[in-house]
Amino acid sequence: MSTSDKTWNERLTGWLLDKKLLGRDVLVLFALTGWALAVPHWGSEFAVSMALTCLMYVALATSWTLFCGTTRYLSLATAAFFGIGAYFSAIYIEQLGWATVIVAGAGVAALVALVMGAAVLHLRGTYFAVLTFGMTELIRHAITYWEKQVTGTVGRVLTVAPERDTIYLTVLLLAVLAVATSIVIRRTRFGLALAGIGADEQRAQTLGVNTRWVKIGGFMLTAAFAGAVGAAMSVRWTYIDPSTVFNPFIGFQTVLIALIGGVATLWGPLIAAIVFSLLAETLRLQAPQLYLMTLGVLLILSVLYLPGGLASLRWETFRQWRDDTKAWWKELRRSDADKQKEALS
Amino acid sequence: MNGHPLLEARGVTVRFGGLVAVDNVSAAFAAGEMVGIIGPNGAGKTTFFNALSGVQLPTGGELFADGQRLTGAKPHRFAAMGVARTFQTPRVFGGLSVAANIDFGLQFAGRHRKASWLLKDEASILNLIGLAAQAELPAAAITPSQQRLLEIGMALATRPRLLLLDEVAAGLTEAEVDSMAQLIRRLRDELDLTVIWIEHAVTTLLRYVERVIVLHQGRKIADGTPAEVVRNAEVIEAYLGDEMVEAA
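Chains as they are written, first to last, in our numbering: chain A, 272 to 616; chain B, 861 to 1108.
So that you can see chain A by itself, here it is in the shape it has in the complex (with noise of 0.2 Å):
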C-alpha cells in the first residue's frame, strides 16, 4: 500500500467518523447561517461585501469537495462552470427574473459538466486535471470568439441588477445548500459509492458501483453548484466579458481552499474558504502579490506537514509537532556529538 492510500484511508475513517455526528453538524450549520443572516442588518458595506465573498467560496469550495475530495478526481473546471452560470444570467436576466435564471445557470452548467464527464472522467490524476482545465480554457476561447463574431462586443453590460440584500441571501441559500448537500449525500448510498471509487475505484466496480454515472452524477452536481454561484455572482458586476468571469484563478482558488482546508472533511473547506477570503479582502488592498504567495506557501505547508488539512487539526497535532521537532533536535545534536568525537579520535 502506498503512503497516498494510507492517508487516504486515515481520512475514509475520519469520513465515517464525521458521519455519526449529525445533530452537531446541522446545529454548527444553523449556527452559522444564524451568524450571516446577521451581517446585511449589522454590517457595512464593505463587510456585506467580504461576508458575499466568504460565501461564494464556502458554496464553491464545499461543493467541489464533495465530488472531487471524495473521489479523488481534482477538476480545474470551476471557473468554466461559475462563467457558464454567469454569462448565462448576464444574457438571460432581463427576460426570465432572478430566480429562473439561478436554476437555469445550474441546469446549464451541469448539463455542460455531463458532456464534458462523459469526455474525460475514465482519465485519473494529472490527466483528468489538465483536461479539466483545457476544457475550461476552450470554453473561455469559444465564447470571446462567439461574442467578436455573431455579437460584435466582447463583453456585456448588466442593466437589471436586484437589490444588494436580495444577492447575499441567494448566495447564502447557495452556500447552505451545499453544506447540508454535503451532509445528506455522506449518509446515502450515492456518497458511499463516491468514497469506493476515490478509495479503490475498481473494487467499488467490481462490488456492483456504476462507476461512470456516480462519476459523472457526482461532477454535475459540483457543477450545477458552481453554476448557480457564478449566475447570482455576475450582478455584482455592472460590466462583464470572458477573461473576468472564466477566470482560471476562481478555479484554482477553490481548489486551494479545499485542499487546506481537508478534502475528506464537511469543515475543512468552510473554514479556509472563510480564512482566505477574509485574507483576500484585507491583503488585496494593500499587497495583491502577498496574498497569492500566502496562499502559495501554506499550501505547501499543509500538504507537508498537514496532508489531512485545517480541519484535522487537534491538540494532539500541536503535540506532535512539538515531539518530532524535540526528537529532531536531539537527533542533530547527538549527530553533531558524534561529529566531534569523531575528528577528535
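All the given hints hold, so there is nothing to weed out.
No farther apart than 20 Å at their CA atoms in a straight line, the calculated lysine to any residue pairs in the SDA-like style are these: (1) Lys934/B - Glu472/A; (2) Lys934/B - Ala390/A; (3) Lys612/A - Trp600/A; (4) Lys934/B - Gln473/A; (5) Lys934/B - Ile487/A; (6) Lys980/B - Arg460/A; (7) Lys934/B - Phe461/A; (8) Lys974/B - Asp1049/B; (9) Lys934/B - Leu394/A; (10) Lys974/B - Ser984/B; (11) Lys934/B - Asp471/A; (12) Lys934/B - Ala389/A; (13) Lys934/B - His393/A; (14) Lys934/B - Arg483/A; (15) Lys934/B - Gly488/A.
Since the hints were made in silico from the structure, they are not lab data.
Once you've looked at the hints, dock chain B against the given chain A.
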C-alpha cells in the same frame, strides 16, 4: 436453469501490445462446479480472470453469463449478473470497518439479488467467514490472512452465483489453507455456488477441485479431472514435472 452454462468464455483473447497474455481460451462453467485453474507464472491465469470479471476488456472473443452476452460490459454488470471475484492482493477498504466492507457489496450489487439466508445481512456473512469478532475493527488493522477472508466476504456480499478466487491460499500456513479450502467447499455446497479457483500451489489445489483447466503461455492445454490432467503429456511437459505426478 435454462440450459445455458452459468459463465461461458468463447475464444477469449487478451493482448497487451505484442504480448498475447490469453490466447483464444474457451471454457464453460456449470452451476455448482468447483474448477481450478493452474499454470506456471505468466501463464495468463489472472489476466483470464480479469477478463471473466470484466476488469480487463478482452481484445477478442465473447463472454456470456447465463446465456446473456456480457462481452465488453463493465465489472458492475458482471457483479449484477452474479459474478463475484477476489483479488490476489487483498483490496479491502482499509479505512472502513470490517463490517462496513461487507456492507459495501450488500449496498450495491447485492441489493437487488436474491439472498440465501446465509448471506442475509452483514452479521450472517461475518459469521460465515468467521470474522464476527473483528467486525468493528478497521480492515487495515486485521491480519493478512483475515483480509483474505474479508475479500471473500466482500465478494459474497454481492450475493453471487459464481465466485472467482484468485490465489486465496497463497502465503497461508498448511492449517490455514485447509480451513480455507473447507470454507470454500462449504460455500459451494450450501450456497450452490460455482467456484473457479486459481492457485499457484498446484498440489494444494488438486486436492480440492473436481475439474482443472491448465493454462500455458496464454493457451488452454488441458481441461479435465485432476487425475486426467496430471497424466496429460502436454501438461507434464509444459511445466509440472515430477511434483504433480507424485501428488496424484
